[in-house]
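Engineer: What follows is the residue order along each chain.
Number of protein chains: 2
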Amino acid sequence: MQRPVILITNDDGITSPGIKALVDAVSDLGEVIVVAPDSPQSGMGHAITIGDPLRLDKVDVFDGVASWQCSGTPADCVKLARDKILHRKPDLCISGINHGANHSINVIYSGTMSAAMEAAIESVPSMGVSLLDHRFEADFTIAKQVVHDLAVRMLAGKLPEHILLNVNIPIATAATFKGMKICRQAHAKWAEEFDHRTDPRGKDYYWMTGKFINMDKDPGTDVEALKAGYASVVPIRIDFTDTKMKEWMEREWQF
Amino acid sequence: MQRPVILITNDDGITSPGIKALVDAVSDLGEVIVVAPDSPQSGMGHAITIGDPLRLDKVDVFDGVASWQCSGTPADCVKLARDKILHRKPDLCISGINHGANHSINVIYSGTMSAAMEAAIESVPSMGVSLLDHRFEADFTIAKQVVHDLAVRMLAGKLPEHILLNVNIPIATAATFKGMKICRQAHAKWAEEFDHRTDPRGKDYYWMTGKFINMDKDPGTDVEALKAGYASVVPIRIDFTDTKMKEWMEREWQF
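Protein sequences, first through last, are from chains A and C.
The opening position of the first sequence corresponds to residue 25 in the working numbering, with each subsequent residue numbered one higher.
The opening position of the second sequence corresponds to residue 25 in the working numbering, with each subsequent residue numbered one higher.
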């Protein structure tokens, strides 16, 4: 049997420790190909590059792993990898490991998740993986175990057509880690407070800052699982239709 | 009673004809405030600006309408508008009118929709509006009628907590337009074919091009409605949890 092809990307850029940890975590499971942004792309959401040309250069970053860096967004990387490098669908796409949480509402802003989502649109089983530790020296030991476990399941089983997972891992050691938990997305938001400053020419500018607010007090959320020491695993849709709201409109609004 | 506050933004930039048409369409319904990108932001998805400072400058673009241009993304515009200009939630947020379609899977890539989505995260009733005509000289007559009709409904009624609409309008005249239809998102994708070129220094680069593929043959989709001459109205969720997939995982995977 042919070894499965595993496409790896991220949004922190190809030189971040998180993507190195991801390559290490799954290199025993198949042929790993890396196509990742040449610079950090955090907060890029599902941006794609249509008004500028894209660069794609072969690089030597991971020992024995074919790797390319791309001037575009995480979603661009997945599109280019498929069309110009793999010339076929990969068997699995993993994005990360992100330095910092992508639970709850962050799925919308996350470049990590957008790469995984792009693969899912192509019906490639995929996941975005994030560790709740922003630091360069973050410990990816537990995260690597979680990724390996999920990758084995995704490569082995007969899966539904769209399997797209948002995986977040708490800061934990082998002693404190509680395992994985299937969750739903917590109803949460960021309360922005822009930091107003004045440049040397007297002109105003703003830095985005924000406070995370979890408005979801019901059980079963990713935020709750992470607080309790579990890795949260949330399956994500790419059909955004709000069926309940659709029923409400069909009842209340006559066009 | 106080006049409702209507926040308007877009992703084509504050100088595009589409946003002018949108201001015209709803200025009789409340106090209109425009906060829009200072340059085109198409394909920005739900990108936010966290690594760079943001500029926000008052401009004189629309007669008698308070307007600001912002150096950031459509989502940034909504966040800044709320925090630095309105100092409160608007009663309605409308993004557009986009020059070009944002039906089906395009909701994920669309800067137009991301602005509306950002407002919905804040529980502000919102919609993204797109006309299926890329041209500068596109005729927004029908689109303006659709926006006005929906805005009246959204400002009048007792609405569910999250109302977020993806509205697309076909190229039509008063004679050929069939009206509005409540739809679901069509299952579709873009088949990318990158146009490979070589720069004057002999280095490769790529332009993203693509062909839209509608894989959805069942009735009730936005693509189908638009083809038949209707404006499509799709209610959109911001909880991306895939409940069916969650049930599958809970049944098939033991953690």
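For the record, the hints were derived by calculation from the structure and aren't laboratory data.
Keep in mind that the hints are not guaranteed to be accurate.
Unchecked claim - If you want the footprint, here are the derived chain C segments under chain A, 3+ residues with CB under 8 Å:
id : stretch
1  : 60 to 70
2  : 78 to 84
3  : 228 to 236
Glycine is no exception: its CB is placed at the ideal position from the N, C-alpha and C atoms.
Engineer: If a hint holds in the structure, say so; if it doesn't, say that too.
Structural biologist: Okay, the hints, checked on the actual structure:
1. Restraint check on the stretch 60 to 70 of chain C versus chain A: 6 residues with Cβ-Cβ distances below 8 Å, three needed, restraint holds.
2. Here's how the stretch 78 to 84 of chain C fares: 3 of its residues keep a CB closer than 8 Å to some CB of chain A, so the rule of at least three is met and the hint holds.
3. With 5 residues having a beta carbon nearer than 8 Å to a beta carbon of chain A, the stretch 228 to 236 of chain C meets the requirement of three or more and the stated coverage holds.
Taken one by one, the earlier hints all hold for this structure without exception.
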